[in-house]
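Chemist: Sequence:
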Amino acid sequence: MEIKYWSDIACPFCYIGSNRMKRAMKEIGIYDETPLKFKSFELDPHAPQKTTESYINHFTRGNKALEPQAKQQMAYIQSMAKGDGLPMAINSVVPTNTGDAHRLIKLAESKGDPELTEKVIKRFYQVYFNDGESIADHDVLTNAAVEVGLDKDDVEKVLNSNEYHQDVVNDESEAHQSGIQAAPFFVINNKYAISGAQPYEVFLKALKQIQTEESKENA
Numbered sequence: 001m002e003i004k005y006w007s008d009i010a011c012p013f014c015y016i017g018s019n020r021m022k023r024a025m026k027e028i029g030i031y032d033e034t035p036l037k038f039k040s041f042e043l044d045p046h047a048p049q050k051t052t053e054s055y056i057n058h059f060t061r062g063n064k065a066l067e068p069q070a071k072q073q074m075a076y077i078q079s080m081a082k083g084d085g086l087p088m089a090i091n092s093v094v095p096t097n098t099g100d101a102h103r104l105i106k107l108a109e110s111k112g113d114p115e116l117t118e119k120v121i122k123r124f125y126q127v128y129f130n131d132g133e134s135i136a137d138h139d140v141l142t143n144a145a146v147e148v149g150l151d152k153d154d155v156e157k158v159l160n161s162n163e164y165h166q167d168v169v170n171d172e173s174e175a176h177q178s179g180i181q182a183a184p185f186f187v188i189n190n191k192y193a194i195s196g197a198q199p200y201e202v203f204l205k206a207l208k209q210i211q212t213e214e215s216k217e218n219a
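Just so we're aligned: 161 in this note's numbering is position 161 of the sequence shown, and the numbers increase by one with no gaps anywhere.
It is possible that part of the hints are untrue.
[As the list claims (entries may be wrong)] Lysine to any residue pairs mimicking SDA-like chemistry, simulated, CA-CA at most 25 Å apart:
| # | residue 1 | residue 2 |
| --- | --- | --- |
| 1 | Lys22 | Glu33 |
| 2 | Lys22 | Ile77 |
| 3 | Lys191 | Asn19 |
| 4 | Lys208 | Phe13 |
| 5 | Lys122 | Ala193 |
| 6 | Lys26 | Lys37 |
| 7 | Lys205 | Met80 |
| 8 | Lys82 | Phe13 |
| 9 | Lys122 | Gln73 |
| 10 | Lys157 | Gly112 |
| 11 | Lys208 | Ser195 |
| 12 | Lys4 | Leu116 |
| 13 | Lys208 | Ala193 |
| 14 | Lys119 | Lys152 |
| 15 | Lys122 | Glu109 |
| 16 | Lys50 | Lys64 |
| 17 | Lys71 | Lys82 |
| 18 | Lys111 | Glu147 |
| 19 | Lys216 | Asn189 |
| 20 | Lys4 | Gly85 |
[Stated by the list, open to error] Cβ-Cβ distance ranges computed for the label pairs, FRET-style:
| # | residue 1 | residue 2 | range |
| --- | --- | --- | --- |
| 21 | Lys191 | Asn63 | 36 to 42 Å |
| 22 | Gln72 | His176 | 29 to 35 Å |
| 23 | Asn170 | His138 | 20 to 26 Å |
If you're looking for bench data, these hints aren't it; they were derived computationally from the structure. Backbone N, C-alpha and C define an ideal beta-carbon position, used for all residues, glycine too.
Please model the complete structure; the sequences and the hints are all you need to start from.
Modeler: Below you can see the structure in the form of structure tokens.
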């Protein structure tokens, strides 16, 4: 089985949905041998590198009338994350650009160690949704990436260049050409799709069905 998913570090539903997919993969015993490919999908590629904007203002795009509704939705998202055992301090989120984080994920992938890549992705989600730090800040990114196993010189080389930018663009172009307009979006064996942070049971049921179909095809 092969699974790829389009995701952004700034997307809470990507954080939650990808965690549920990974849990489902572990539940049916395919996680260790199944490629799980992270595909870049920047929700706002034009987001600033630096900002003093609060997350709720970013959430409402500055419309004060929407703040009560936004607070409810933010509380709901945080509750969802907590239910999945994911740390989230959503009111502390710094809404900045995620492009450099995506490039470092590509650097991690280039090492050929899926476990390292997963550690980098997980740590970056924690930086964005729990630590209250800017995911666009190079010092923050470097510390987080090195903490989970990337080489500091490699990280700094990427951050001081445009390396892997085209890889990020290619992922987003593939999504556009495939009609994918939102994240997270999961594609299994290049023919089955799951959109959004579906309940864990939905991921589990889908994987079991596909696994059964594969067994019949290979019989």
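Chemist: Hints first: check each against the structure and report whether it holds.
Modeler: Quick rundown of the hints versus the structure:
With a CA separation close to 12 Å, the supplied pair Lys22 and Glu33 stays within the 25 Å bound. About 19 Å separates the Cα atoms of Lys22 and Ile77, which keeps this hinted pair within 25 Å; it holds. A hinted pair counts as satisfied when its Cα atoms are at most 25 Å apart, and Lys191 with Asn19 qualifies at roughly 21 Å. Of the supplied pair hints, the one linking Lys208 and Phe13 holds, its CA atoms being roughly 23 Å apart against a limit of 25 Å.
With a C-alpha separation of about 23 Å, the suggested pair Lys122 and Ala193 falls inside the 25 Å cut-off, and the hint holds. At most 25 Å may separate the alpha-carbon atoms for a hinted pair to count; Lys26 and Lys37 meet this at roughly 16 Å. Simply put, Lys205 and Met80 have alpha-carbon atoms about 20 Å apart, close enough for the 25 Å limit, and the pair holds. This hinted pair checks out: Lys82 and Phe13 have alpha carbons roughly 13 Å apart, not beyond 25 Å.
Between the alpha carbons of Lys122 and Gln73 the distance comes to roughly 23 Å, so the proposed pair stays at or under 25 Å and holds. A hinted pair counts as satisfied when its Cα atoms are at most 25 Å apart, and Lys157 with Gly112 qualifies at roughly 19 Å. Our distance criterion of 25 Å between C-alpha atoms is met by Lys208 and Ser195, whose separation comes to about 17 Å. The straight-line distance between the Cα atoms of Lys4 and Leu116 is roughly 17 Å, inside the 25 Å bound, and the hint therefore holds.
Pair hint Lys208 plus Ala193 holds up; C-alpha atoms about 14 Å apart against a cutoff of 25 Å. At most 25 Å may separate the alpha-carbon atoms for a hinted pair to count; Lys119 and Lys152 meet this at roughly 15 Å. A hinted pair counts as satisfied when its Cα atoms are at most 25 Å apart, and Lys122 with Glu109 qualifies at roughly 14 Å. Pair hint Lys50 plus Lys64 holds up; C-alpha atoms about 22 Å apart against a cutoff of 25 Å.
Simply put, Lys71 and Lys82 have alpha-carbon atoms about 16 Å apart, close enough for the 25 Å limit, and the pair holds. Using a Cα cut-off of 25 Å, the hinted pair Lys111 and Glu147 holds, with the two alpha carbons roughly 16 Å apart. Annotation: proposed proximity of Lys216 to Asn189 holds, straight-line Cα distance about 15 Å (limit 25 Å). Proximity of Lys4 to Gly85 is assessed by CA-CA distance (about 23 Å); at most 25 Å being required, the pair is judged to hold.
In this structure the supplied range 36 to 42 Å holds for Lys191 paired with Asn63, their Cβ-Cβ distance being about 40 Å. Our hint of 29 to 35 Å for Gln72 and His176 holds, since their Cβ atoms are close to 32 Å apart. Our hint of 20 to 26 Å for Asn170 and His138 holds, since their Cβ atoms are close to 23 Å apart.
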